[in-house]
Amino acid sequence: MPLLTTLLAATAAALPNACAWDDPGRDPYLGEVPAAIDVYDDIPKPVRARLKDRMARHAYDDFVEITRGTIAGTQDYEPQITGMHFGSKGLRCVTTTRDGWRSEHREHGLVYCEDGHCILVPTVCRNVSRIVRRPAPPPPVAELEFDPPGAGPMAEPGEGISAWPGMPSPGPGDGGAGPDIDEGGGRGEPWSPWPPGGGGGWVGGAVPVEPSVPVVPAPPPIAAPVSEPGMGLLAALGAGLVFWCRRRR
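Each residue of the sequence shown is one higher than the one before, counting from 248 in my numbering.
Since the hints were made in silico from the structure, they are not lab data.
This one's a predicted model, so the numbers in the text were calculated from it and none came from an experiment.
Here a beta-carbon is modelled for each residue, glycine too, at the ideal position from N, C-alpha and C.
Honestly, I wouldn't trust all of these hints.
[What the hints assert, rightly or not] Derived Cβ-Cβ restraints for the label pairs, each shown as a range:
hint, residue 1, residue 2, range
1, Lys-292, Val-388, 30 to 38 Å
2, Pro-386, Asp-274, 39 to 47 Å
3, Val-489, Pro-467, 37 to 45 Å
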(Lines of atoms letter the chains of each structure in order from A and count residues from 1; the text may use other names and numbers.)
(Lines give C-alpha, C1' and ligand atoms only; values in the text may rest on other atoms or scores of the structure.)
Protein backbone atom coordinates (compact mmCIF):
# COMPACT_ATOMS: atom_id res chain seq x y z
CA MET A 1 0.00 0.00 0.00
CA PRO A 2 2.76 2.50 0.78
CA LEU A 3 4.30 1.59 -2.58
CA LEU A 4 1.06 2.36 -4.42
CA THR A 5 0.82 5.71 -2.67
CA THR A 6 4.39 6.48 -3.63
CA LEU A 7 3.75 5.55 -7.27
CA LEU A 8 0.65 7.75 -7.45
CA ALA A 9 2.53 10.68 -5.98
CA ALA A 10 5.36 10.17 -8.43
CA THR A 11 2.93 10.04 -11.34
CA ALA A 12 1.31 13.31 -10.27
CA ALA A 13 4.70 14.92 -9.86
CA ALA A 14 5.66 13.74 -13.34
CA LEU A 15 2.78 15.58 -15.02
CA PRO A 16 3.99 18.42 -17.22
CA ASN A 17 3.07 21.79 -15.84
CA ALA A 18 2.15 23.21 -19.26
CA CYS A 19 1.72 21.79 -22.74
CA ALA A 20 1.42 23.64 -26.03
CA TRP A 21 -1.73 22.80 -27.96
CA ASP A 22 -0.45 24.49 -31.09
CA ASP A 23 -1.45 21.77 -33.57
CA PRO A 24 -4.91 20.41 -32.61
CA GLY A 25 -5.57 16.90 -33.92
CA ARG A 26 -1.90 15.89 -34.17
CA ASP A 27 -1.90 13.89 -30.89
CA PRO A 28 -5.54 12.83 -30.24
CA TYR A 29 -6.70 11.01 -27.13
CA LEU A 30 -7.01 7.28 -27.91
CA GLY A 31 -8.82 5.98 -24.83
CA GLU A 32 -12.46 5.82 -23.84
CA VAL A 33 -13.75 9.35 -23.39
CA PRO A 34 -15.95 8.64 -20.31
CA ALA A 35 -13.14 6.72 -18.62
CA ALA A 36 -10.88 9.79 -18.77
CA ILE A 37 -13.07 11.46 -16.13
CA ASP A 38 -11.88 9.12 -13.37
CA VAL A 39 -8.44 10.75 -13.24
CA TYR A 40 -10.05 13.97 -11.97
CA ASP A 41 -10.22 12.70 -8.43
CA ASP A 42 -11.10 16.14 -7.00
CA ILE A 43 -14.55 15.75 -8.59
CA PRO A 44 -16.90 13.81 -6.25
CA LYS A 45 -17.53 10.27 -7.39
CA PRO A 46 -21.34 10.68 -7.85
CA VAL A 47 -20.70 13.75 -10.02
CA ARG A 48 -18.16 11.85 -12.11
CA ALA A 49 -20.69 9.04 -12.58
CA ARG A 50 -23.29 11.46 -13.92
CA LEU A 51 -20.74 13.08 -16.23
CA LYS A 52 -19.66 9.71 -17.66
CA ASP A 53 -23.28 8.66 -18.23
CA ARG A 54 -24.06 11.86 -20.11
CA MET A 55 -20.88 11.64 -22.17
CA ALA A 56 -21.75 8.08 -23.18
CA ARG A 57 -25.14 9.37 -24.38
CA HIS A 58 -23.66 12.52 -25.96
CA ALA A 59 -26.02 14.59 -23.81
CA TYR A 60 -23.82 17.70 -23.79
CA ASP A 61 -24.76 21.12 -22.34
CA ASP A 62 -23.06 23.42 -24.81
CA PHE A 63 -21.28 23.54 -28.15
CA VAL A 64 -18.44 26.05 -27.91
CA GLU A 65 -16.04 27.86 -30.22
CA ILE A 66 -12.39 27.88 -29.13
CA THR A 67 -10.06 30.68 -30.24
CA ARG A 68 -6.58 31.68 -29.17
CA GLY A 69 -7.93 33.68 -26.23
CA THR A 70 -11.60 32.76 -25.70
CA ILE A 71 -14.02 29.87 -25.20
CA ALA A 72 -17.66 30.75 -25.77
CA GLY A 73 -21.00 29.15 -26.63
CA THR A 74 -24.43 29.79 -25.21
CA GLN A 75 -22.49 30.36 -21.97
CA ASP A 76 -19.17 32.12 -21.36
CA TYR A 77 -16.11 30.29 -20.04
CA GLU A 78 -12.69 31.16 -18.72
CA PRO A 79 -10.09 30.90 -21.52
CA GLN A 80 -7.80 28.48 -19.65
CA ILE A 81 -7.87 24.74 -20.46
CA THR A 82 -6.55 22.37 -17.77
CA GLY A 83 -6.02 18.61 -17.36
CA MET A 84 -5.97 17.88 -21.11
CA HIS A 85 -5.42 14.24 -22.14
CA PHE A 86 -3.12 13.51 -25.08
CA GLY A 87 -2.61 10.28 -26.98
CA SER A 88 1.15 10.02 -26.41
CA LYS A 89 1.44 7.40 -23.66
CA GLY A 90 -1.61 8.80 -21.92
CA LEU A 91 0.03 12.19 -21.38
CA ARG A 92 -2.00 14.64 -19.33
CA CYS A 93 -0.99 18.27 -18.80
CA VAL A 94 -1.88 20.53 -15.90
CA THR A 95 -2.40 23.50 -18.24
CA THR A 96 -2.58 23.81 -22.02
CA THR A 97 -1.63 26.92 -24.00
CA ARG A 98 -2.80 28.11 -27.41
CA ASP A 99 -0.23 30.83 -27.90
CA GLY A 100 0.87 29.39 -31.25
CA TRP A 101 -2.57 29.78 -32.83
CA ARG A 102 -3.23 32.39 -35.47
CA SER A 103 -5.86 34.97 -34.59
CA GLU A 104 -8.30 33.46 -37.10
CA HIS A 105 -7.82 29.87 -35.87
CA ARG A 106 -11.06 28.24 -34.65
CA GLU A 107 -11.82 24.88 -33.07
CA HIS A 108 -15.03 23.52 -31.54
CA GLY A 109 -15.90 21.31 -28.63
CA LEU A 110 -18.65 19.69 -26.55
CA VAL A 111 -19.11 20.79 -22.94
CA TYR A 112 -20.63 18.68 -20.14
CA CYS A 113 -21.29 20.33 -16.76
CA GLU A 114 -22.45 18.89 -13.43
CA ASP A 115 -22.47 20.71 -10.07
CA GLY A 116 -20.05 23.38 -11.34
CA HIS A 117 -17.55 20.90 -12.88
CA CYS A 118 -17.26 21.25 -16.68
CA ILE A 119 -15.57 18.83 -19.11
CA LEU A 120 -14.45 19.95 -22.59
CA VAL A 121 -14.10 17.44 -25.44
CA PRO A 122 -12.67 19.12 -28.60
CA THR A 123 -14.21 17.61 -31.73
CA VAL A 124 -10.90 17.67 -33.61
CA CYS A 125 -9.03 15.34 -31.28
CA ARG A 126 -11.27 14.20 -28.38
CA ASN A 127 -8.60 15.42 -25.94
CA VAL A 128 -10.68 15.36 -22.74
CA SER A 129 -9.95 18.41 -20.58
CA ARG A 130 -11.51 20.79 -18.07
CA ILE A 131 -12.74 24.37 -18.26
CA VAL A 132 -14.53 26.75 -15.88
CA ARG A 133 -17.91 28.26 -16.69
CA ARG A 134 -18.38 31.92 -15.79
CA PRO A 135 -21.38 32.98 -13.70
CA ALA A 136 -24.40 34.08 -15.71
CA PRO A 137 -24.82 37.89 -15.91
CA PRO A 138 -27.73 39.42 -14.00
CA PRO A 139 -30.95 39.79 -15.99
CA PRO A 140 -31.42 43.19 -17.64
CA VAL A 141 -33.73 45.68 -16.02
CA ALA A 142 -37.07 45.61 -17.80
CA GLU A 143 -38.25 48.86 -19.32
CA LEU A 144 -41.43 50.48 -18.09
CA GLU A 145 -44.41 49.60 -20.25
CA PHE A 146 -46.08 52.91 -19.40
CA ASP A 147 -45.00 56.51 -18.97
CA PRO A 148 -44.25 57.52 -15.39
CA PRO A 149 -47.01 59.59 -13.78
CA GLY A 150 -46.57 63.34 -13.85
CA ALA A 151 -48.40 66.61 -13.51
CA GLY A 152 -49.02 66.80 -17.24
CA PRO A 153 -48.56 69.82 -19.53
CA MET A 154 -49.45 73.26 -18.26
CA ALA A 155 -52.70 74.74 -19.53
CA GLU A 156 -52.39 77.42 -22.18
CA PRO A 157 -53.89 80.87 -21.47
CA GLY A 158 -57.60 80.81 -22.16
CA GLU A 159 -57.92 77.10 -21.35
CA GLY A 160 -60.29 77.28 -18.42
CA ILE A 161 -63.41 75.27 -17.82
CA SER A 162 -64.34 73.17 -20.81
CA ALA A 163 -67.28 74.70 -22.66
CA TRP A 164 -70.62 72.96 -22.93
CA PRO A 165 -72.38 72.94 -26.29
CA GLY A 166 -73.77 76.40 -26.96
CA MET A 167 -71.73 78.12 -24.26
CA PRO A 168 -69.76 81.20 -25.37
CA SER A 169 -66.00 81.00 -25.15
CA PRO A 170 -64.16 83.30 -22.74
CA GLY A 171 -62.70 86.41 -24.24
CA PRO A 172 -59.06 86.61 -25.28
CA GLY A 173 -56.76 87.28 -22.38
CA ASP A 174 -59.45 86.52 -19.82
CA GLY A 175 -57.94 83.21 -18.84
CA GLY A 176 -61.49 81.86 -18.71
CA ALA A 177 -62.84 84.25 -16.10
CA GLY A 178 -64.13 87.58 -17.46
CA PRO A 179 -66.80 89.17 -19.61
CA ASP A 180 -66.59 88.99 -23.36
CA ILE A 181 -65.78 92.07 -25.40
CA ASP A 182 -67.86 92.49 -28.52
CA GLU A 183 -66.40 93.40 -31.88
CA GLY A 184 -67.44 97.05 -31.52
CA GLY A 185 -65.12 97.52 -28.57
CA GLY A 186 -67.91 97.77 -25.98
CA ARG A 187 -68.63 95.41 -23.17
CA GLY A 188 -70.78 92.47 -24.20
CA GLU A 189 -72.99 90.24 -22.14
CA PRO A 190 -71.47 89.02 -18.86
CA TRP A 191 -69.78 85.68 -19.36
CA SER A 192 -71.35 82.74 -17.55
CA PRO A 193 -70.28 79.09 -17.30
CA TRP A 194 -73.89 78.05 -17.92
CA PRO A 195 -75.46 77.41 -21.34
CA PRO A 196 -78.29 79.62 -22.56
CA GLY A 197 -81.55 78.77 -20.87
CA GLY A 198 -80.26 78.76 -17.30
CA GLY A 199 -80.32 75.86 -14.94
CA GLY A 200 -77.98 74.80 -12.16
CA GLY A 201 -75.47 72.02 -12.07
CA TRP A 202 -72.08 70.90 -10.86
CA VAL A 203 -68.81 72.61 -11.72
CA GLY A 204 -65.72 70.43 -11.69
CA GLY A 205 -67.48 67.69 -9.69
CA ALA A 206 -67.41 69.81 -6.51
CA VAL A 207 -70.06 71.87 -4.70
CA PRO A 208 -73.21 72.66 -6.75
CA VAL A 209 -73.24 76.27 -7.87
CA GLU A 210 -76.43 78.06 -8.90
CA PRO A 211 -76.11 80.64 -11.68
CA SER A 212 -76.47 84.25 -10.63
CA VAL A 213 -79.73 86.01 -11.69
CA PRO A 214 -79.38 89.69 -12.62
CA VAL A 215 -81.51 92.00 -10.42
CA VAL A 216 -83.64 94.45 -12.43
CA PRO A 217 -84.23 97.76 -10.55
CA ALA A 218 -87.90 98.70 -9.94
CA PRO A 219 -89.28 101.57 -12.12
CA PRO A 220 -89.84 104.93 -10.38
CA PRO A 221 -93.43 105.54 -9.16
CA ILE A 222 -95.74 107.52 -11.52
CA ALA A 223 -97.17 110.63 -9.75
CA ALA A 224 -100.88 111.49 -10.19
CA PRO A 225 -101.47 114.66 -12.27
CA VAL A 226 -102.14 117.84 -10.22
CA SER A 227 -104.48 120.52 -11.72
CA GLU A 228 -102.98 123.95 -12.16
CA PRO A 229 -104.81 127.10 -10.79
CA GLY A 230 -107.48 128.46 -13.21
CA MET A 231 -107.73 125.20 -15.16
CA GLY A 232 -111.29 124.64 -13.86
CA LEU A 233 -112.44 128.18 -14.82
CA LEU A 234 -111.12 127.82 -18.35
CA ALA A 235 -112.88 124.50 -18.70
CA ALA A 236 -116.20 126.03 -17.59
CA LEU A 237 -115.87 128.99 -19.99
CA GLY A 238 -115.13 126.61 -22.84
CA ALA A 239 -118.21 124.52 -22.08
CA GLY A 240 -120.40 127.64 -21.89
CA LEU A 241 -119.09 128.91 -25.23
CA VAL A 242 -119.94 125.61 -26.88
CA PHE A 243 -123.49 125.73 -25.42
CA TRP A 244 -124.08 129.33 -26.63
CA CYS A 245 -122.95 128.46 -30.16
CA ARG A 246 -125.36 125.56 -30.35
CA ARG A 247 -128.33 127.72 -29.23
CA ARG A 248 -127.72 130.31 -31.95
CA ARG A 249 -127.96 127.63 -34.56
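Verification of the hints:
1. At roughly 42 Å, the beta-carbon separation of Lys-292 and Val-388 lies outside the given 30 to 38 Å, and the hint is violated.
2. Our hint of 39 to 47 Å for Pro-386 and Asp-274 holds, since their Cβ atoms are close to 43 Å apart.
3. At roughly 38 Å, the beta-carbon separation of Val-489 and Pro-467 lies within the given 37 to 45 Å, and the hint holds.
Hint 1 from the earlier list is the only one contradicted by this structure; the remaining hints agree with it.
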